[in-house]
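Undergrad: If you want the building blocks of each chain, they are given just below.
Protein chains: 2
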Amino acid sequence: MKHSDHSLTWLTCLPEAVPAQAVTPLDVARAEINQALAVMQHSIPVVLRPDSTLSESFCLEREGEGYILTGGSTGILYGAYRLIMSLKTGGTPPSGVQQPRYALRMLNCWDNAEGTIERGYSGRSLFFEDGRFDYDPVRMRQLARMLASVGVNVICINNVNVHDPAHKLIEEDWLPQLSDLAAIFRPYGVRLMVSIDYAHPLRCGLDTADPLDPRVADWWKTRAQLVYRYIPDLAGFLVKADSEHRPGPFTYGRTHADGANMLARALAPFGGALVWRCFVYNCLQDWRDTKTDRPMAAYKHYACLDGQFDRNVILQIKNGPFDFQVREPVSPLLLAMAHTNMALEVQLAQEYTGHQIDIYAMPPMWKEIFDDLPKERITAMAAVGNLGRDMNYTGHPFAAVNLFAFGLTAWNPDTDPAALIRTWCRLSYALPAAQEDALVSLLLGSRGVYEKYTAPLGLCWMVEPHGHYGPSPMGYEYALWGTYHKANRDAVGIDRTASGTGYTRQYDKTLCDKYENLNTCPDNLKLFFHRLRYDYVMADGRTLIQRIYDDHFEGCEEAEAMARVLETLDLPEPDRSEAARRMALQLKNAREWRDVTNTFFYRLSGVSDAKGRRIYD
Amino acid sequence: MKHSDHSLTWLTCLPEAVPAQAVTPLDVARAEINQALAVMQHSIPVVLRPDSTLSESFCLEREGEGYILTGGSTGILYGAYRLIMSLKTGGTPPSGVQQPRYALRMLNCWDNAEGTIERGYSGRSLFFEDGRFDYDPVRMRQLARMLASVGVNVICINNVNVHDPAHKLIEEDWLPQLSDLAAIFRPYGVRLMVSIDYAHPLRCGLDTADPLDPRVADWWKTRAQLVYRYIPDLAGFLVKADSEHRPGPFTYGRTHADGANMLARALAPFGGALVWRCFVYNCLQDWRDTKTDRPMAAYKHYACLDGQFDRNVILQIKNGPFDFQVREPVSPLLLAMAHTNMALEVQLAQEYTGHQIDIYAMPPMWKEIFDDLPKERITAMAAVGNLGRDMNYTGHPFAAVNLFAFGLTAWNPDTDPAALIRTWCRLSYALPAAQEDALVSLLLGSRGVYEKYTAPLGLCWMVEPHGHYGPSPMGYEYALWGTYHKANRDAVGIDRTASGTGYTRQYDKTLCDKYENLNTCPDNLKLFFHRLRYDYVMADGRTLIQRIYDDHFEGCEEAEAMARVLETLDLPEPDRSEAARRMALQLKNAREWRDVTNTFFYRLSGVSDAKGRRIYD
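So the sequence lines, in the order shown, correspond to chains Y and C.
Residue 479 in the working numbering is what sits at position 479 of the first sequence, and the numbering runs on without skipping anything.
Residue 176 in the working numbering is what sits at position 176 of the second sequence, and the numbering runs on without skipping anything.
One chain only, chain Y, in its complex shape (with noise of 0.2 Å):
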C-alpha cells in the first residue's frame, strides 16, 4: 500500500493528497474545496474572500444557492475545513465570525529520534527511524491537514524526554532538515515546536547550564538566532526540566521561572513561546514517608512563582494532580495562576486508558474538567499525541475521534462533547442512521465502561507497572512513585483532607469543602480524597466494597455490550476487522481486570458478593 492510501477517517470526503505545490492557506483552502465540491458532487459556488485582518479567523456567509468564505491568512483554510465538513455531515456552518478560544492548539508528539514514541501505541515514529528525520512528505501534508481540519496549529514533534540524538534538532546540522519539514507543515497554518534539552550547553562546552549564569543566556540567545534563521515562524521551545530525571534549575539552586525566563528571553525577539511542563514531583519517594503526597507536588512548586513568569512563558499542566489517570480532580495548579499563561495539557495516546485497544473516547472526560476549570484560566491546550506510523495513523480506528475532537475542542471549549463525536462519526462512517446512534452512543458511554472495570471510584494506579495495560493493584504500591493506595484488611484510600495529608487546601473554599465533605464528594472520587472502610455505605445504600464488585461486574457487562454493538455497525474495512479485533482484547483486558480487582479486595476484605457472582478467592 502507498502512504498515499493513508488517511484518517474523518478525512475520507477529501481522499486526494494536496498538491505539494500549494504554498499558502489559500492556495490549499481553494484545493480542497474543489476537491470536495467534485468528490461530493456540489456544484454550489463558493467565493473565497482573504482578509488578513481576519487572522486565524473566518466568516462563512450564505448567498444564493452558495457561500462567500472570508477568512484571515489561516482564518481562510479553517474556514474552508468547517464548510466541507458542514457540506458532508448535512450541518448547517456557523453563523457569523468564528475564532479560535485559544491562540495556541498544540500537538506534543512524544517521538523519540531512534522511531520509537514513547507511550506510543499506533507504531513508530512518522518522523524519525534510526537516530534521524526519515518521514513520507505525502504522509507529512495528510498530517498536516489532519491537524489544520480541526484547528491544531503546533506540532511538537520529538519527546519532551530529549533522548541522544534528538537534542540535534536545533544544532546546525538537522536545522536545514527541520526547515524542510516546517516547509511542509506551513502552508496548512501549522508551525513546529522543538522539545529541548535543557542541559544542552553542557553539551556544547560550557560548564553549567544555571539559568542566571550569563554564558548559558548568552549560549541560548545565540542558539535561538539560529534556530530562527533557518525557521522564521518556529511556535517555541517546549521543556520538561527538574522531573522524572530530566536535568534542569534546581540543579544549581534556581527557581523553574529563572529558568523559564531565562529561554523565553532567547525566544523573545522571534515572537516565540517558551512552553515549559509543570510535571514536577519526587520520583524517588520512599513509601515509608507518609508526609509526601505526590499530587502536591506541582502546586507546592509553582503557585508561589505566579506572576514571576515573562510574557511568552507558557505553563503546561496536565489536567490532573497525577498522571492522566481515569480518573482525577483537575489540578490545583491550574486554579492557582491567576498571573500566568497556562496551556491545559490533556493524553491522546492511551497511556493508561487503554492504549488504542480498549475503546475510550476522551470529550466527556474534557468537558468534565471545563466544569471545574473556568476557560479563561488558560491561554492555550496541548495534547500528547496518538499518532504513529499505522496505516490508520491511531492504531484503532477510532482512537481518532480524540485527535478530531481535541483540535475543535481547543478551538472552542463550549462544543458538545456528543455533538463532536456525531460529526466524526458521519465523517468517517456514512452508517444508517441507527447505526450512527448506536456508534455515538457506544463512544460516548466508553470512558464509563473502562473507568467501571479498571479503577474503582477514584482510586487510581492499581495498572502494570512501566506498561499501564492491564490489572496489578499492588503494582505500585511499594514503588518510588509516590502512587500508593495503602489498601489493608479494613480499608483503602488515602486521605488527603485536612486531616490528611492536606492536599484539598490547594484548592479554593468551595473546591476544597466540596471535597472534603463525604456528602458532596462525588462517588467516582471518593478513594481520591477519603479513606474508607469497606463497610463504608456510600449514598445510593450500597458499602463499598459492594461498589467495588458492582462497579467492575457491570463495567465487563457493559464493554460486553460494546461488543454486541459493534458487531452491528456496516463499517468499512479494514476498520471493521480492526475494530472486531481489538474488542477481543479489549474484553480479555475487562475480564482480567474484573477478575483480579475483586479477588484482591475480595481477599483483603473477606466480603462476598452480595449477589453471589464469581469471585475467586
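It is possible that some hints are incorrect.
Note: identical chains are not told apart, hence a pair may lie in one copy or across any two.
No farther apart than 25 Å at their CA atoms in a straight line, the calculated lysine-lysine pairs in the BS3-like style are these [to be verified]: (1) K375 <-> K509; (2) K611 <-> K509; (3) K300 <-> K611; (4) K588 <-> K367; (5) K221 <-> K509; (6) K486 <-> K588; (7) K168 <-> K514; (8) K486 <-> K168; (9) K514 <-> K611; (10) K291 <-> K588; (11) K291 <-> K514.
In short, the hints are calculated from the structure, not lab data.
These numbers were taken from a predicted model, which means no experiment stands behind them.
On the provided structure of chain Y, position chain C as indicated by the hints.
TA: Below, chain C without anything else, positioned relative to chain Y:
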C-alpha cells in the same frame, strides 16, 4: 588493567597465566606445580607419574620430603591442583586414589551471542559480543584453569535459550572458531558443550522438526558428523525444549523421549552426551486455575518416561520443583527416575538469591539437597554459571566461593560445606585465624540470613518479577507463571497435600508423610506445602504471623551484623572496597524486604508485632 591481571581469588597462589604452549593436562600440571612451588617458596620434590588407566583419577603419596603424584590423563592435573591447594592451605592431601563421584561436572553459561548473559550479574559475556565470538585467549585460559582446579570438566558456552545467531555455533562458518576455543580448554581437561535450538532443522530448509521424521533424524546425524569433524571431543548438546516458549517435540505430538533419543543417536557414534533439561511447565497459566500446580509439572511430564531414554541421554533436573528459589524441597522427579541418567542442576548465578550483590554461599544448600537425594541416583551435576567479564569474574568477590565449591562438590558430594568454604577463604585471603573463622562463619550463615529477610517459610516468589531482586509480595500473584501464594486476610500458602493439589504424592511414602504432617514438615517448608492461618501456632509456640515478623527483623539484624564483621576483615583491595560497596546495597535490600514483607502481612492480618517493633502501615 590487562586481562591477564584478572583472576579468581582462590588462584592467587598461581598468579601467572599458564603458557599457551601447554597442550596436554600433563604439561599444565607440571607448569602449575613448578610455579606454585616457586611462588610459595617450597622446595619439596614432586614427581609426576602419568598412568593413563586412571583417566580422571589421581593418587598423592608422600615420599620423604616430597610427593609422588600418579594420575590419569586429566587426573594428573586434578592431583596437581589438589596438591597445590593443600600446600597453600597447610592441609593434608587426600590419601588413596581419588576419583570423581560424577563423570560429568558441567558449567552451563547462559551467554547470548549478542554479549549479554541471561541472569548474569558480573558483566557481559566472556565469549561473545555483537553476535559473534569475542574473547580474550588469556582470560579463556584463566577460566579453563579455574574450572580444572576444582574438577569441572564440561563447559556449555551458550544460553539454553538459543537466540539468533547463537544457533550458528553448529554451522559451518562458526565451527572453526568453536574448534579454536575447544583447543584452549582441552589442555585443562575441559570439554565444550553447546546448547542447540531444537527447531534448528526448520532454519535449514526442512519443514518439520518432528523427532520421528527420518529426514529430521538424518539432518541431525549429518550435523553431528560435521560438528565432531571440528571438535572430536565435544561433550555433547544441551537442549531446552518445549519450555518457556522454546519449540520441542510436543509441537509434533511426540514425547520428550522421542526427541531426546533422536538427538542422542546422532551423538552416540562420537561418544557425545545429549543433555535434556526437564524445566517444562505451563508458563501461560491462568491464575484462576487452581487445578494446575506448577511444581507438579516436571514429574508429570517425565516420570512416566523412565527407562525409555537412550544410554547417552542425561535428563538435567533443577534441584527443586520450582526454579532456584532460596528454599524448595528436592524435586520429586530426581527421586522418580531409577532407570534414567540424571544430572542435578543447581544455579550459581544468584538469580533469586541476591544477584551477587547480597552474600549467599550455597554449599549448605546443596548439602540439604543431598540429605533427601541419594547420591547414587544421579550421574552428573550441572551448574548455571555466575561468571562474566568483571575483573574478578563473579561481581562480588565472595561469589567465587560458589563456583569453587560446586566443582569440588560435583567431584565428591560428601565434602563438608564448612570445609569447602574454609578452604576457599584460606586460598583466597591470608587472613589471621580469628578473621578467617569470622569469614567462614559469615559465609556459612549467609544463606540463612538471606532466607530470613526475604522469603517466609518456603513461600517463594515474593520477588520483583522479571528482575528477581527486591521484594514484590504480589508480583507473581496474578501472572501467568503458576507461582501463587494466595495470601488473604486470614491465611497464606498453597495446600499441596493429598487434600490439596496432591503434589506430596509425587514423593515416596516417607517424604510424603513427612511433608503432609504439619508436625514433621520442617518449618522452613511449611508454607510451601500447607496453607496456614496467621494464628497457626508453630512448634516453638509462636504464631505464624509472629514468626514472619521475627524472621524479617532478625534477618535484617543479622545482615547488619554481617556488615560489622565484614568491616573487621583485612581483605586485600579491591575486594575489600568491592565487598563493602555491595554490603551497603545488601543492607538496603534487606531493609526493603523486611519492611515490605512485614507491611504486606500486617495490612492483611491486622496483627501487630508482639515485640512492638516498627511495622509501617
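Undergrad: Take the hints in turn and mark each one as holding or not.
TA: Checked hints:
In this homomeric assembly, K375 and K509 come within 25 Å of each other (Cα to Cα) only inside a single copy, at 19 Å, whereas the closest approach across copies is 76 Å. Taking the closest pair of Cα atoms, K611 and K509 never come within 25 Å of each other, the shortest separation being 40 Å inside a single copy and 45 Å across copies. With identical chains, the CA atoms of K300 and K611 are never at most 25 Å apart, being 45 Å at best within one copy and 39 Å at best between copies. In this assembly of identical chains, the alpha carbons of K588 and K367 never lie at most 25 Å apart, being 29 Å within a copy and 46 Å across copies at closest.
Taking CA atoms no more than 25 Å apart as the test, K221 paired with K509 passes in neither setting, with 43 Å inside one copy and 83 Å between copies. With identical chains, the CA atoms of K486 and K588 are at most 25 Å apart between copies only, with a shortest distance of 22 Å across copies and 27 Å within one. Taking CA atoms no more than 25 Å apart as the test, K168 paired with K514 passes in neither setting, with 48 Å inside one copy and 68 Å between copies. Taking identical chains as interchangeable, the C-alpha atoms of K486 and K168 are never at most 25 Å apart, the minima being 44 Å within one chain and 51 Å between chains.
Neither within a single protomer nor between protomers do K514 and K611 lie at most 25 Å apart by alpha-carbon distance, with minima of 32 Å and 43 Å respectively. Taking identical chains as interchangeable, the C-alpha atoms of K291 and K588 lie at most 25 Å apart only when they sit on different chains, with a minimum of 21 Å there against 38 Å within one chain. Taking the closest pair of Cα atoms, K291 and K514 come within 25 Å of each other only inside a single copy of the chain (23 Å); across copies the shortest separation is 49 Å, beyond that limit.
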